[in-house]
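Each protein sequence line maps, in turn, to chains A and B.
Under this note's numbering, think of the first position of the first sequence as 1, with each following residue one higher.
Under this note's numbering, think of the first position of the second sequence as 1, with each following residue one higher.
The set of hints was computed from the structure by calculation and includes no laboratory data.
The structure presented is a predicted model; accordingly, all values stated were derived computationally and were not measured.
Any given hint could turn out to be false.
[Claimed, not checked] Distance condition first, Cα-Cα at most 30 angstroms in a straight line; then the derived DSSO-like pairs of lysine-lysine:
#1 A:Lys207 / B:Lys31
#2 A:Lys100 / B:Lys285
#3 A:Lys207 / A:Lys182
#4 B:Lys44 / B:Lys82
#5 B:Lys51 / A:Lys80
#6 B:Lys33 / B:Lys51
#7 B:Lys58 / B:Lys33
#8 B:Lys285 / A:Lys86
#9 B:Lys58 / A:Lys80
#10 A:Lys217 / A:Lys182
#11 B:Lys82 / B:Lys33
#12 A:Lys2 / B:Lys82
#13 B:Lys58 / A:Lys38
#14 B:Lys82 / B:Lys221
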Amino acid sequence: MKYNSVFDIIGPVMVGPSSSHTAGAARIGLTARNLFGKQPTWAKIYLYGSFAKTYQGHGTDFALAGGLLGFETDDTRMSKALEIAKENNLEITFTEDSAKTEHPNTVRLLIGDDQEQLEIVGISIGGGKVEITELNGFELRLSGNHPAILIMHNDRFGAIASVTKILAKHEINIGHMEVNRKDVGKEALMVIEVDQNIEDKILHELKDADHIIQITKIVS
Amino acid sequence: MFRTVAELVEIAERENLLISEIMIRQEMDVKNKTREEVFAEMEKNLQVMEKAIEDSLKGVQSVTGLTGGDAVKIQTYMREKKPLSGHLMLDAVSKAMGTNEVNAAMGVICATPTAGSAGCVPGTLFAVKEQLNPTREQMIRYLFTAGAFGLVVANNAFISGAAGGCQAEVGSAGAMAAAAIVEMAGGTPQQSAEAFAITLKNMLGLVCDPVAGLVEVPCVKRNAAGSSLAIVSADLALAGVTSRIPCDEVIGAMYRIGKQMPSSLRETGEGGLADTPTGRFLKEKIFGMSV
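Throw the hints in and build the complete structure from the sequences for me.
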């Protein structure tokens, strides 16, 4: 089920005016920042559907900026986030895209600094709840209901086994798992939803496993 | 885990529990938390709601000037005149609108289930409170009951205007409030379901047509509709009136109607009130562009 907590419905505590266009947008921005692992210096943001039509009225623009700056939904600096982004050398552009998307509230973020970049697509499904549907060109379904580990790896035999072996050793149960690759033998992405938050010690161990390129964890 | 209102009511009757209690136990189970932790988290939300209502009664104004100050006007009218719709009703309406005035002014609110519809649940709670004199625990339970019904709608239909129109937002919010009022007033779980169904039935088809795409016009006053209808529906259910169409089927109808709504009437600011001469004029005035 998409919504599994009463606090998805009674909540979040947030700065107005819209749970999907403001709070949800802030959460997508924050997830992008967390996946990037640091504050980006630039962001190119593409808005679709209702997001594209109403983003100024709903404050979707400053909310996305707030998320990229690390603000939670109830941060009262939210409405000033565009100015704060400028002060913090984060350059943001917004583009309204008329392409049809599956969900009316869809946003694509391309963020980066002078070294690396990251691309994610997020949807705001209502009441502040969001899903990440794409990461660096890989399709995924990340509900945010559980902690998760995202693992970029080389598409080789043994890569998945080396990861699951480490998780088993630490008695970590996998609730949901999916693997996607761009092409045979190329970059691939493992998404593993687990029941408890993963300690950094285990992340380091995973990072050193065979064929692993990059690891990110998402705390639910 | 309950998936439908019928299941929720069935569990409540079989185990002889309040709907709020079923929601609390499920939350403890899903999030692996203690009762104290779950209660404390909801208490925080309740405090945010209380604060937003207090702030609104001091008078707020949105940046655009489109909304604000009506909650104060209504409270003054209530003190000075004899309101036709009665004190409790108008108190709920003013507190619901007040919450949304704070939201429109980019103040801090608690989404229930969304920000645009955030007035219905707290507005009714803090009005009904004056007559029912609940304990703090019962006030927190009110939010769990509302949340239980909201979860069913969110998982079987939608709660956002962009997905299903205003019927999904204020419709759901008003219906959640109605169900919670019934429990606080001592009604049965089935009566909560009837109140929910009656409210949502009367909200079916309501479109999301915000002027200039802002959560102001008509959103603030739609919360007056949602909160007042919640009180009427709760009274009907407590009087023994039932809905001919079962609650889950009403939710199903809301879903299908939302699916049939064109995108111009789902939070794009393109149709309905947004597309009236005045709606277009206001948009141009605020953003300096025409529709």
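For each hint, the structure was consulted:
no.	hint	result
1	A:Lys207 / B:Lys31	holds (28 angstroms)
2	A:Lys100 / B:Lys285	holds (29 angstroms)
3	A:Lys207 / A:Lys182	holds (21 angstroms)
4	B:Lys44 / B:Lys82	violated (35 angstroms)
5	B:Lys51 / A:Lys80	holds (22 angstroms)
6	B:Lys33 / B:Lys51	holds (26 angstroms)
7	B:Lys58 / B:Lys33	violated (37 angstroms)
8	B:Lys285 / A:Lys86	holds (27 angstroms)
9	B:Lys58 / A:Lys80	holds (24 angstroms)
10	A:Lys217 / A:Lys182	holds (21 angstroms)
11	B:Lys82 / B:Lys33	violated (48 angstroms)
12	A:Lys2 / B:Lys82	violated (46 angstroms)
13	B:Lys58 / A:Lys38	violated (41 angstroms)
14	B:Lys82 / B:Lys221	holds (21 angstroms)
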